[in-house]
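Number of protein chains: 2
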Amino acid sequence: MAAPDAPRGRPRDSRAHQAILTATAELLAEAGYAATSIGAVAARAGVGKDTVYRRWSGKAELVYEAVFTQTEAVPVPDTGTLRGDLTVLLDALVREFTAPGAAAALPGLLADFAARPELRARIRSQFLAPAKSRLVELFERAVQRGEADPDLPVDLVLDTLAGAVFFHTGLLGEPAGPQLAAQLAAIVGRGIEAR
Amino acid sequence: MAAPDAPRGRPRDSRAHQAILTATAELLAEAGYAATSIGAVAARAGVGKDTVYRRWSGKAELVYEAVFTQTEAVPVPDTGTLRGDLTVLLDALVREFTAPGAAAALPGLLADFAARPELRARIRSQFLAPAKSRLVELFERAVQRGEADPDLPVDLVLDTLAGAVFFHTGLLGEPAGPQLAAQLAAIVGRGIEAR
Chain A
0 MAAPDAPRGR PRDSRAHQAI LTATAELLAE AGYAATSIGA VAARAGVGKD
50 TVYRRWSGKA ELVYEAVFTQ TEAVPVPDTG TLRGDLTVLL DALVREFTAP
100 GAAAALPGLL ADFAARPELR ARIRSQFLAP AKSRLVELFE RAVQRGEADP
150 DLPVDLVLDT LAGAVFFHTG LLGEPAGPQL AAQLAAIVGR GIEAR
Chain B
0 MAAPDAPRGR PRDSRAHQAI LTATAELLAE AGYAATSIGA VAARAGVGKD
50 TVYRRWSGKA ELVYEAVFTQ TEAVPVPDTG TLRGDLTVLL DALVREFTAP
100 GAAAALPGLL ADFAARPELR ARIRSQFLAP AKSRLVELFE RAVQRGEADP
150 DLPVDLVLDT LAGAVFFHTG LLGEPAGPQL AAQLAAIVGR GIEAR
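Which chain is which? The protein sequence lines are A and B, in order. Numbering-wise (numbering that gives the first Met the number 0), the first sequence opens with residue 0 and increments by one. Numbering-wise (numbering that gives the first Met the number 0), the second sequence opens with residue 0 and increments by one.
Calculated directly from the structure, the hints in this document are not laboratory data. Keep in mind that this is a model prediction, so the values were computed, not measured. A few of these clues could be false.
Copies of one chain are not kept apart here, so a pair can be met inside one copy or by any two copies together.
[Unchecked claim] Below, a list of computed lysine to any residue pairs in the SDA-like style, where the Cα atoms sit at most 20 Å apart:
{"no.": "1", "residue 1": "Lys131", "residue 2": "Gly172"}
{"no.": "2", "residue 1": "Lys58", "residue 2": "Ala110"}
{"no.": "3", "residue 1": "Lys48", "residue 2": "Pro149"}
{"no.": "4", "residue 1": "Lys131", "residue 2": "Ala18"}
{"no.": "5", "residue 1": "Lys48", "residue 2": "Ala91"}
{"no.": "6", "residue 1": "Lys48", "residue 2": "Ala193"}
{"no.": "7", "residue 1": "Lys58", "residue 2": "Ser36"}
{"no.": "8", "residue 1": "Lys58", "residue 2": "Leu171"}
{"no.": "9", "residue 1": "Lys48", "residue 2": "Ala30"}
{"no.": "10", "residue 1": "Lys131", "residue 2": "Glu60"}
{"no.": "11", "residue 1": "Lys48", "residue 2": "Ala33"}
{"no.": "12", "residue 1": "Lys131", "residue 2": "Ala91"}
{"no.": "13", "residue 1": "Lys58", "residue 2": "Val46"}
{"no.": "14", "residue 1": "Lys131", "residue 2": "Glu192"}
{"no.": "15", "residue 1": "Lys58", "residue 2": "Arg115"}
Produce the complete structure using the sequences and hints provided.
Dropping the structure here:
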């Protein structure tokens, strides 16, 4: 907590940033994607619309960060096994996709991504980049332990993990039981072929 | 082809059915999801709107059948190996998701599914049922060959396969190269752990 006479700038900026993200997630859960306008978010966060636009170029970018960057808030898992690490990673993904804000945001967000090719082109390079770098770190350790091949198609593994969680929980709305992350980690980690 | 004096009914019905599905896929690709109304589909197929409503309870159901039942049109793969069968299945999925009609339909279809809980509740039981029965058949042969565990969570494997293809091609719009199905079959079939 900054003291009242602390220099302005980063601390206040950081508080505004977090207030905007929190307001966005709350609005999504309460009122849905369509009603979550930049103006409504700014009003709820107690900032001006220009403060929002200084940080995010549009609603889709703001909503994406508000609901899909939870995974990056926790350290990269290091349980000692690839399967263990994948389970932790998938568990965070499941929590992200089943949070009230994310569930409310997904359909509208997908429609916006699909309708705006320039946004869609940035999904891989911008939105998915942090998740990929975490997966790469986790795979590098698995390769060192001899648990994984060094020539894994990381992008495709990421799409498989995210796609499985999205399809199961986000699209079908299946309840995310406590075993879901471990079951998906087993399917993608060990594969479905018997050995 | 039915002779002119053949009894009416199924043959003509079947032709109307196919004409409606074809008109739907074409309209989606040309004009997008929003413009693909039941009225526009009926006009293009040369039938009355009531003929469409006799077969499909709404636009989402019709669009889903028009773009996502290609996989069921080919025999269940039986290549002799689980990996080979998965590759054929995934290849059909990739073709479905990258067809012009499907690519145009997906965002609007997802938004409709999300906005109508009664429709969403039927995805698993109705829309995904044919794909699951094909996967079950393929797994049963793999279990008999000792290639797969008998207690596989089939629903979750199906969600992983469909989710991976949807996320990679449908959502991100990645080009579907000739190796995509085989790479996904390797990830899900063999797993990413080295052995």
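Each hint tested on the structure:
1. Proximity of Lys131 to Gly172 under the C-alpha cut-off of 20 Å is restricted to the inter-copy arrangement: shortest distance 17 Å between copies versus 25 Å within a copy.
2. For a Cα distance limit of 20 Å, the shortest separation of Lys58 from Ala110 qualifies both inside one copy, at 13 Å, and across copies, at 17 Å.
3. When the C-alpha separation of Lys48 and Pro149 is checked against a cutoff of 20 Å, the pair qualifies neither within a copy, at 47 Å, nor between copies, at 57 Å.
4. Within a single copy, Lys131 and Ala18 get their C-alpha atoms no closer than 27 Å, and across copies no closer than 44 Å, so neither meets the 20 Å cut-off.
5. In this assembly of identical chains, the alpha carbons of Lys48 and Ala91 never lie at most 20 Å apart, being 31 Å within a copy and 47 Å across copies at closest.
6. Neither within a single protomer nor between protomers do Lys48 and Ala193 lie at most 20 Å apart by alpha-carbon distance, with minima of 56 Å and 51 Å respectively.
7. In this assembly of identical chains, the alpha carbons of Lys58 and Ser36 lie at most 20 Å apart only when taken from the same copy (7 Å versus 29 Å across copies).
8. For the identical chains of this complex, Lys58 and Leu171 are inter-copy neighbours only, at 19 Å across copies versus 25 Å inside a copy, given an alpha-carbon limit of 20 Å.
9. Proximity of Lys48 and Ala30 under a CA criterion of 20 Å is satisfied intra-copy only: 19 Å inside one chain copy versus 35 Å between copies.
10. Taking the shortest Cα distances, Lys131 and Glu60 sit within 20 Å of each other inside one copy (18 Å), while across copies they are farther apart (35 Å).
11. When the C-alpha separation of Lys48 and Ala33 is checked against a cutoff of 20 Å, the pair qualifies only within one copy, where the shortest distance is 17 Å, while the shortest distance between copies is 31 Å.
12. Proximity of Lys131 and Ala91 under a CA criterion of 20 Å is satisfied intra-copy only: 14 Å inside one chain copy versus 27 Å between copies.
13. In this homomeric assembly, Lys58 and Val46 come within 20 Å of each other (Cα to Cα) only inside a single copy, at 16 Å, whereas the closest approach across copies is 42 Å.
14. Taking the shortest Cα distances, Lys131 and Glu192 sit within 20 Å of each other only across copies (18 Å), while inside one copy they are farther apart (26 Å).
15. Taking the shortest Cα distances, Lys58 and Arg115 sit within 20 Å of each other inside one copy (12 Å), while across copies they are farther apart (24 Å).
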